[in-house]
Amino acid sequence: MNSITEQIRKTIDELAKNSKILENNIIDFALKSNRKKEAVEKKIKEMAGSTTNQQLIQQENFPVLWFKNIDKIVNKSPLQKSLLAVFDPAQNASLTIQGETINLSQFILIATSSTCDTGQLSNPLFSRLDCINVETAKPKEFF
Numbered sequence: 036m037n038s039i040t041e042q043i044r045k046t047i048d049e050l051a052k053n054s055k056i057l058e059n060n061i062i063d064f065a066l067k068s069n070r071k072k073e074a075v076e077k078k079i080k081e082m083a084g085s086t087t088n089q090q091l092i093q094q095e096n097f098p099v100l101w102f103k104n105i106d107k108i109v110n111k112s113p114l115q116k117s118l119l120a121v122f123d124p125a126q127n128a129s130l131t132i133q134g135e136t137i138n139l140s141q142f143i144l145i146a147t148s149s150t151c152d153t154g155q156l157s158n159p160l161f162s163r164l165d166c167i168n169v170e171t172a173k174p175k176e177f178f
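So my numbering is basically just the index in the sequence shown, starting at one, shifted up by 35.
These are calculated hints, taken from the structure and not from any lab test.
Quick reminder that beta carbons are idealized off the backbone N, C-alpha and C, glycines included.
Mixed in with the good hints there might be a few duds.
With a straight-line Cα cutoff of 25 Å, these simulated DSS-like cross-link-like pairs (lysine-lysine) come out [unchecked claim]:
#	residue 1	residue 2
1	K111	K80
2	K107	K71
3	K67	K77
4	K116	K80
5	K45	K71
6	K45	K72
7	K103	K71
8	K67	K78
Label pairs and their computed distance ranges (CB to CB) [to be verified]:
#	residue 1	residue 2	range
9	N138	K72	17 to 23 Å
10	Q133	V169	16 to 22 Å
11	F97	K71	33 to 39 Å
12	Q94	A128	17 to 23 Å
13	T87	T153	27 to 33 Å
14	Q133	Q89	14 to 20 Å
15	K72	C151	24 to 30 Å
16	K72	Q42	29 to 35 Å
17	V169	Q93	29 to 35 Å
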């Protein structure tokens, strides 16, 4: 297992220990309410400014923002376009969201998909993501 995968697994394990952080730092695109640009921008702004996340940053820990089921976003939608800057390290240190400048450079951003089909993601958004394919559990074979 490579070090990036190990680091991600460790980070997710740490999040699982603290359900408050896990619950507050997830945007699940399987929920229709999270597929609107304005709602997602509001949630990102809240996560970036949360007291818990700011304390973690001050302790030199990197809070995780989990973008779950990113494959559920419609291709070329305003939401996908707004996420381009979020996942771009050159832009996410100084993002203007809803009139406020936020810094996501001290967060670990994780986007997950429940499918290997990344066709719903625009090429520009997909190019900003490092993909790690994880083998799914396979049923035991009986002879």
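Right, here's what the structure says about each hint:
no.	hint	verdict
1	K111 to K80	holds, 22 Å
2	K107 to K71	holds, 12 Å
3	K67 to K77	holds, 15 Å
4	K116 to K80	holds, 17 Å
5	K45 to K71	violated, 31 Å
6	K45 to K72	violated, 30 Å
7	K103 to K71	holds, 15 Å
8	K67 to K78	holds, 14 Å
9	N138 to K72: 17 to 23 Å	holds, 20 Å
10	Q133 to V169: 16 to 22 Å	violated, 34 Å
11	F97 to K71: 33 to 39 Å	violated, 28 Å
12	Q94 to A128: 17 to 23 Å	holds, 20 Å
13	T87 to T153: 27 to 33 Å	holds, 32 Å
14	Q133 to Q89: 14 to 20 Å	holds, 18 Å
15	K72 to C151: 24 to 30 Å	holds, 26 Å
16	K72 to Q42: 29 to 35 Å	holds, 30 Å
17	V169 to Q93: 29 to 35 Å	holds, 32 Å
Hint compliance for this structure: hints 5, 6, 10, 11 are not met, and every other hint is.
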